[in-house]
Structure formats: C-alpha cells, structure tokens
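A.B. asks: Sequence:
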Amino acid sequence: MAQDEEDHLSITAKKCSVTSKRLPATYIDSYIKNPGVARTNVVDGDGSESSMKDFHEFTPMQQHILFWDRDRDGQIFPYDTYVGFRDLGFNMLFSFVAVLIINLNFSYPTRLAHSYLPDPRFRVYVDSIYKAKHGSDSGTFDPEGRFVPQSFEDMFSKYDRDHDGALTFGELFEMMHGNRCAADPFGWGAAFFEWVTTWLLIQKDGKIYKDDLQGVYDGSLFWKIKEARKSGAGWTQGFGLGGDGFIGSVKVA
Numbered sequence: 001m002a003q004d005e006e007d008h009l010s011i012t013a014k015k016c017s018v019t020s021k022r023l024p025a026t027y028i029d030s031y032i033k034n035p036g037v038a039r040t041n042v043v044d045g046d047g048s049e050s051s052m053k054d055f056h057e058f059t060p061m062q063q064h065i066l067f068w069d070r071d072r073d074g075q076i077f078p079y080d081t082y083v084g085f086r087d088l089g090f091n092m093l094f095s096f097v098a099v100l101i102i103n104l105n106f107s108y109p110t111r112l113a114h115s116y117l118p119d120p121r122f123r124v125y126v127d128s129i130y131k132a133k134h135g136s137d138s139g140t141f142d143p144e145g146r147f148v149p150q151s152f153e154d155m156f157s158k159y160d161r162d163h164d165g166a167l168t169f170g171e172l173f174e175m176m177h178g179n180r181c182a183a184d185p186f187g188w189g190a191a192f193f194e195w196v197t198t199w200l201l202i203q204k205d206g207k208i209y210k211d212d213l214q215g216v217y218d219g220s221l222f223w224k225i226k227e228a229r230k231s232g233a234g235w236t237q238g239f240g241l242g243g244d245g246f247i248g249s250v251k252v253a
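Under full-length UniProt numbering, residues 1 to 253 are what the sequence shown spells out, in order.
Take these hints with a grain of salt, some might be off.
[Said to hold, decoys possible] Below, in silico cross-link-like pairs of lysine-lysine (DSS-like), each with a Cα-Cα straight-line distance of 25 Å or less:
id, residue 1, residue 2
1, Lys204, Lys226
2, Lys33, Lys158
3, Lys224, Lys204
4, Lys33, Lys14
5, Lys21, Lys226
6, Lys158, Lys15
[Stated by the list, open to error] Cβ pair distances, simulated, as ranges:
id, residue 1, residue 2, range
7, Glu57, Asp205, 15 to 21 Å
8, Met92, Thr40, 47 to 53 Å
9, Gly139, Phe55, 18 to 24 Å
10, Arg161, Gly36, 22 to 28 Å
11, Lys21, Met92, 39 to 45 Å
12, Leu100, Gly165, 31 to 37 Å
13, Arg70, Gly139, 47 to 53 Å
14, Asn34, Ser10, 16 to 22 Å
Treat the hints as calculated values from the structure; they're not laboratory data.
No residue lacks a Cβ here, since even glycine has one placed at the ideal position from N, Cα and C.
Build out the structure end to end from the sequences listed, making use of the hints.
C.D. replies: Take a look at the structure:
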C-alpha cells in the first residue's frame, strides 16, 4: 500500500504510545484477499505442498490437533498426546508434562459440547476444540477455530523488529507480554507453553520463520517433522539437545 494511503488509516494515537510501537499489517491486502475475514483453511487452495487438503472438512484449529488423533476417532487420549510428542522428537519427561498440561486443562472445555460431566479418561474432543480457545493469545484463531490472516500477519508487523520474516526468542516473549489480558493467568500460562514448545520444535538459527509457523497453525508441519525424522536426514530444526534435552533423538525408527 502506498504511503499516502497508509496516512489516511488511523492506526496510531498520540495519547497511547504503544500504538506507535506495535503497528498492524496494513499491506497484506495486496496479496491476501479480505485478510480480516476468518477462513477455514490456512493455505488457500490445494496447490501448495503445505496445504492440508486431506483435512479441509475441518477447521484450521482442528487441523492443528489432528496429528494427535492417531486413530481418527475424534478423541485425543492422554496416551495419544504422549505418543504424538514423542513422534515429534520430545523426550519422555517433556512429553509427560505435555499430557498433564493439555489433557488435564483442555479435556473438560471440549467435553462440554457432549456432556456437563467431566471425562474420567481426560480425552480432548476434536469436534469441539474451539471451546478450548484461551485468552491472551494472538487472535489468529477466531472463537470458532477459523484462521484470521490479518492477526497472523500482525504478529510479524508488530514484533518482527528487523523485518526478516522471523521472530527471535526475545521477540516471542515481547509478543506474549503484549498479548496478555488482565487477570488471565491461565491464558498467560497456556500461551507460554505453546510458544516455548513451538520454539523448541521449529527454531532455526535462533528464529521462528513465518512459513514454518504457518505450518504449525494448520498442523501440516507436524506431519512433515514426523516424516523427516523417519527418513535418513532427520529433522534439522528445533532446539535438539539429544536424549538429555527437551528434544530427544533426531530420528524415528
């Protein structure tokens, strides 16, 4: 968008300095149609290698978790969560902690679409994962689990200080701080776990790149990582520290 056109958009306010520090993305309508409209696919069309074309009947938020629904029964058991994190290369301890955080906290919200009674098996229900959306997040998923391109691009417009299409660890923390809602400790904790896990999984040269992060949102990158770890090359990104670190072995047998 031309500068004179941008000047007509009221995106800063003199009496609120943070509006000048965190500028929303005002340029993306040149390559994304209706970027503010929430949609049911992260990647438009089936041509892209990263497209989740086999799962287009699901919302992006559902696509994000289908990797853990191993038997496609619409329910993610604690063991499914554990095995999924192990398949991604996380060690046993981290995978166990992930089970505690995910299944203990998100089982009941997703259960509410089926019953008011808690699930004794702590399953997470794929069809109602939108009920597990928490506060203090980026807003890239809307309350129904659709993907909002404007919010995704805003993350980089606001916090990618050197404009290289990637976020450093420090910029991620700045974003988490900027997204915090008042009196929302659960949302703060959930966001922290999600972004630290993402960092450990996909960082490259100390940064999280936009294309990789897009693949996290629709889950396509999880399948890519699993296949890479099964291959001879292995998965070369992430914070791999061998068996003693957060990420375990580089390959899957």
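A.B. asks: State for each hint whether it applies.
C.D. replies: Hint by hint, here is what the structure shows:
Of the supplied pair hints, the one linking Lys204 and Lys226 holds, its CA atoms being roughly 17 Å apart against a limit of 25 Å. Distance restraint check for Lys33 and Lys158: the Cα-Cα separation of roughly 21 Å lies within the 25 Å cut-off, and the hinted pair is therefore satisfied. Under the criterion of a C-alpha separation no larger than 25 Å, the hint pairing Lys224 with Lys204 is consistent with the structure, at around 15 Å. Restraint check for Lys33 and Lys14: not satisfied, since their Cα atoms lie roughly 31 Å apart, outside the 25 Å limit.
Taking the CA atoms of Lys21 and Lys226, the gap is about 38 Å. The hint is violated against a cut of 25 Å. With a C-alpha separation of about 19 Å, the suggested pairing of Lys158 with Lys15 holds against the 25 Å cut-off. Hint check: Glu57 to Asp205, Cβ distance near 36 Å, so the stated range 15 to 21 Å is violated. At roughly 36 Å, the beta carbons of Met92 and Thr40 sit outside the given window of 47 to 53 Å.
As the Cβ distance of Gly139 to Phe55 is approximately 22 Å, the hint placing it in 18 to 24 Å holds. At roughly 24 Å, the beta-carbon separation of Arg161 and Gly36 lies within the given 22 to 28 Å, and the hint holds. Taken as a hint, the range 39 to 45 Å holds for the pair Lys21 and Met92, whose Cβ atoms sit roughly 42 Å apart. Separation of Leu100 from Gly165 is about 34 Å and conforms to the stated range, judged on CB atoms against 31 to 37 Å.
At about 30 Å, the CB distance of Arg70 to Gly139 disagrees with the hint of 47 to 53 Å. For the pair Asn34 and Ser10, the beta carbons lie near 20 Å from each other, so the given range of 16 to 22 Å is met.
The structure shown violates the earlier hints numbered 4, 5, 7, 8, 13.
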